[in-house]
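Using the hints, position chain L against chain C.
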Amino acid sequence: DPKIIQKPKYLVAVTGSEKILICEQYLGHNAMYWYRQSAKKPLEFMFSYSYQKLMDNQTASSRFQPQSSKKNHLDLQITALKPDDSATYFCASSQERGGAIEQYFGPGTRLTVL
Amino acid sequence: AQSVTQPDARVTVSEGASLQLRCKYSYSATPYLFWYVQYPRQGLQLLLKYYSGDPVVQGVNSFEAEFSKSNSSFHLQKASVHWSDSAVYFCALKGPNTGNYKYVFGAGTRLKVIA
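Top line first, the protein sequences correspond to chains C and L. Per the numbering used here, the first sequence runs over residues 1 to 114. Per the numbering used here, the second sequence runs over residues 1 to 115.
Extracted from the complex, chain C is given alone in its bound form (with noise of 0.2 Å):
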């Protein structure tokens, strides 16, 4: 089964729209993170939530909102799509204890915008 769920696999918006990618996990995890792939940067971080706190933010526009509405969920709000946010989109989780552990990716959401 698989343990971190992204929905849907592929998406297709318009210029100006707006979307929502879902992630969940199912590994017990207390982190989860929010990671962008395209030809232009290969991982790109994004956002870091730990207990459903954000941590860390390395997007610089107010258009990618991260939503967690439960511990195991982090879902990542898109608003005003532009073409340059067509890539994958990947969540991934950690259990934080005591020090660091490796990171869990899912298969990813791949976007393209119109």
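Be aware that a few hints might be false.
[Said to hold, decoys possible] With a Cα cut of at most 27 Å, we get these calculated DSSO-like pairs of lysine-lysine: (1) L:K112 <-> C:K41; (2) C:K19 <-> L:K102; (3) C:K40 <-> L:K24; (4) C:K9 <-> L:K69.
[Unchecked claim] To be clear about the criterion: a stretch of chain C counts as covered by chain L if any three or more of its residues have a C-beta under 8 Å from a C-beta of chain L, and this derived list gives those stretches: (5) 21-28; (6) 68-78; (7) 103-109.
Just so you know, these hints were derived from the structure itself, not from any lab. Ideal Cβ positions, reconstructed from N, Cα and C, are used throughout, including at glycine.
Frame of chain C; chain L shown alone:
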């Protein structure tokens, strides 16, 4: 400043040959280090990790990596590659402090294994 450098964007090797993918890091202390692999249209999968102790760590699928504090490196190696090893490999680090949620990834090395 924290950084991870993978100096080789692309590497091509013949099937059955040995492999080394290079990773250099910059961090004020000894970080936690990871290698991930990404197959086409998939997420990243952990190959191996180094926290402390023996500088040579074993991972999945016969991969291993050697940590060198003096060289600030964490190179990935495999004795004999298979065509199925063709993928993108990422080196990453994380600070050892509790409450540090920042992982730093290298740009990745695309490995092509040819017959």
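Going through the hints against the structure:
1. L:K112 <-> C:K41: 20 Å, holds
2. C:K19 <-> L:K102: OK: K19 (chain C) and K102 (chain L) at ~26 Å, within 27 Å.
3. C:K40 <-> L:K24: Holds: K40 (chain C) and K24 (chain L) sit about 22 Å apart, inside 27 Å.
4. C:K9 <-> L:K69: 40 Å, violated
5. 21-28: Coverage by chain L is violated for the segment 21-28 of chain C (0 residues, Cβ < 8 Å).
6. 68-78: It is violated, with 0 qualifying residues against the three required.
7. 103-109: Three-residue rule met by the segment 103-109 of chain C, so holds; n is 6.
When each numbered hint is compared with the structure, violations occur for hints 4, 5, 6.
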